[in-house]
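Chemist: This is what each chain is made of:
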Amino acid sequence: SQQGEEDPQALSIQEGENATMNCSYKTSINNLQWYRQNSGRGLVHLILIRSNEREKHSGRLRVTLDTSKKSSSLLITASRAADTASYFCATDAQDGGATNKLIFGTGTLLAVQP
Amino acid sequence: KAGVTQTPRYLIKTRGQQVTLSCSPISGHRSVSWYQQTPGQGLQFLFEYFSETQRNKGNFPGRFSGRQFSNSRSEMNVSTLELGDSALYLCASSWGTSHRTDTQYFGPGTRLTVL
Chain A
1 SQQGEEDPQA LSIQEGENAT MNCSYKTSIN NLQWYRQNSG RGLVHLILIR SNEREKHSGR
61 LRVTLDTSKK SSSLLITASR AADTASYFCA TDAQDGGATN KLIFGTGTLL AVQP
Chain B
1 KAGVTQTPRY LIKTRGQQVT LSCSPISGHR SVSWYQQTPG QGLQFLFEYF SETQRNKGNF
61 PGRFSGRQFS NSRSEMNVST LELGDSALYL CASSWGTSHR TDTQYFGPGT RLTVL
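Going line by line, the protein sequences match chains A and B. Each residue of the first sequence is one higher than the one before, counting from 1 in my numbering. Each residue of the second sequence is one higher than the one before, counting from 1 in my numbering.
If we strip away everything but chain B, and leave its shape as in the complex, we get (with noise of 0.2 Å):
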């Protein structure tokens, strides 16, 4: 089984663009999240999607939206960047089907840098 890719792996922006960032899940998987990485504040949530719906969001601004489609593919929008933004985004998906046992499976990763 194909794992979980992340597109495109890197990125590089501007202050006040905006950048689309995309995920595709295992195949059968219908839950996906999204991870920030970032060397001062480590690894944290940004929001979780399950059949096309926002099941859960971290604590992140409004400039920081997703989606899912109906294929339980992902993606995630940030908009008028900033340069804090810059951080590793990580896409992680997992069946969905009881939070007491899932794996979740993690994508390599899109390195984004804003400039």
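The shape of chain A in the complex, shown without the other chains (with noise of 0.2 Å):
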């Protein structure tokens, strides 16, 4: 089963606009990563941030990390055509042991029109 749920589950903005995706898990985490995916390719990752944080900045990306609500908000600005992916938030599995283990969640697939 998944451990997160992305909402929404597709996004179609313009171009300049900014695009925002959350994600939602079950269980306490160490850290959380956002990835994207071009159509039927592999995974591209974009950033982590670990438990302790709550604001990541990385470029165009803005991630927020709310561990009381087990949420998580990636934050696109000024869009582009590009953007143009899935994207997926991925959250370690806690197992009590030394794991690389992600468990991923639903994904949302973001369209930028041009």
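For the record, the hints were derived by calculation from the structure and aren't laboratory data. A virtual CB, placed ideally from N, CA and C, is assigned to each residue, including glycine. Be aware that a few hints might be false.
Stated by the list, open to error - Quick look at which bits of chain B chain A covers, simulated, 3 or more residues with Cβ under 8 Å:
no.	segment
1	41 to 52
2	102 to 114
To be verified - The calculated label-pair distances, taken between Cβ atoms and stated as ranges, are:
no.	chain 1	residue 1	chain 2	residue 2	range
3	A	A81	B	L11	30 to 36 Å
4	A	N18	B	G28	35 to 41 Å
5	B	R63	A	Q14	21 to 27 Å
6	A	R50	B	G28	18 to 24 Å
7	B	K13	A	T27	33 to 39 Å
8	B	R63	A	T27	27 to 33 Å
9	A	K69	B	N59	25 to 31 Å
10	A	S58	B	R30	23 to 29 Å
11	B	T38	A	R60	29 to 35 Å
12	A	L61	B	G40	45 to 51 Å
13	B	I12	A	A81	30 to 36 Å
14	A	R80	B	P8	31 to 37 Å
Build the complex: two chains, separate frames, hints provided.
Modeler: Right under this line is the structure:
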């Protein structure tokens, strides 16, 4: 089963607008990551935020994390047509040991219209 | 540095056959994880290897197996293929020293179609 649920499932915006995607998860985490996937291809890591961080920026990306609500959001500012992709949040699994297992959310499909 | 490579990129098999997929991690990375991506189930963790040892396994039947070699390259095998095994299989590598901060780097995937 999915750890993360993302909202919305699909989002269509115009170039230049901002896009916000939300992710909710179920269990305690050490960190949360966001990935981008262009159609049918591999995933590209965007940003990692640790459980003791509340906000992180990387270029046009801004990620927030609210561990009390078990939720995170990804904001893409001044979107471009090249940002069209699926975006996934991923959390590390809490199984008591060292692991690099990621549990992915359901993804948000972002379409940026030129 | 070269990225994660996966071979083959595309594969067509028939039910009942077996398949082996290969993954070469980024040089220096010791951890390799495998994921299956389907439209219905999304991205699901298959297994993780570190220093030739399976460290974790997802909820998949025993037909799915894998291994890691001393050079960190990894293979996964699916025996007795079923139609539902059609998916994009993704491999990811990381340093594997800390699950708190590790970033996973994904390969382009192998698209498996079972007829």
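Chemist: For each hint, tell me whether it holds in the structure or not.
Modeler: Status of each hint after checking the structure:
1. Under a criterion of three residues with beta carbons nearer than 8 Å to beta carbons of chain A, the stated coverage of the segment 41 to 52 of chain B is upheld, 6 such residues being counted.
2. Against chain A, the segment 102 to 114 of chain B contributes 9 residues with a C-beta closer than 8 Å to a partner C-beta. That satisfies the three-residue criterion, and the hint holds.
3. In this structure the supplied range 30 to 36 Å holds for A:A81 paired with B:L11, their Cβ-Cβ distance being about 32 Å.
4. The supplied range of 35 to 41 Å is met by A:N18 and B:G28, whose beta-carbon atoms lie about 37 Å from each other.
5. Checked against the hint of 21 to 27 Å, the C-beta distance between B:R63 and A:Q14 comes to roughly 47 Å, which is inconsistent with it.
6. The supplied range of 18 to 24 Å is met by A:R50 and B:G28, whose beta-carbon atoms lie about 23 Å from each other.
7. Between B:K13 and A:T27 the beta carbons are some 36 Å apart, a value that agrees with the proposed interval 33 to 39 Å.
8. Between B:R63 and A:T27 the C-beta distance comes to about 28 Å, which sits within the given range of 27 to 33 Å.
9. For the hinted restraint 25 to 31 Å between A:K69 and B:N59, the CB-CB distance of approximately 27 Å keeps it satisfied.
10. A hinted range of 23 to 29 Å for the beta carbons of A:S58 and B:R30 is consistent with their spacing of about 26 Å.
11. Under the hint 29 to 35 Å, the C-beta atoms of B:T38 and A:R60, about 31 Å apart, fit the expected range.
12. Checked against the hint of 45 to 51 Å, the pair A:L61 and B:G40 fails, with Cβ atoms roughly 29 Å apart.
13. Here the CB-CB span from B:I12 to A:A81 is close to 33 Å, well matched to the stated 30 to 36 Å.
14. A hinted range of 31 to 37 Å for the beta carbons of A:R80 and B:P8 is consistent with their spacing of about 33 Å.
Figure legend: structure checked against the earlier numbered hints; hints not met, in rising order: 5, 12.
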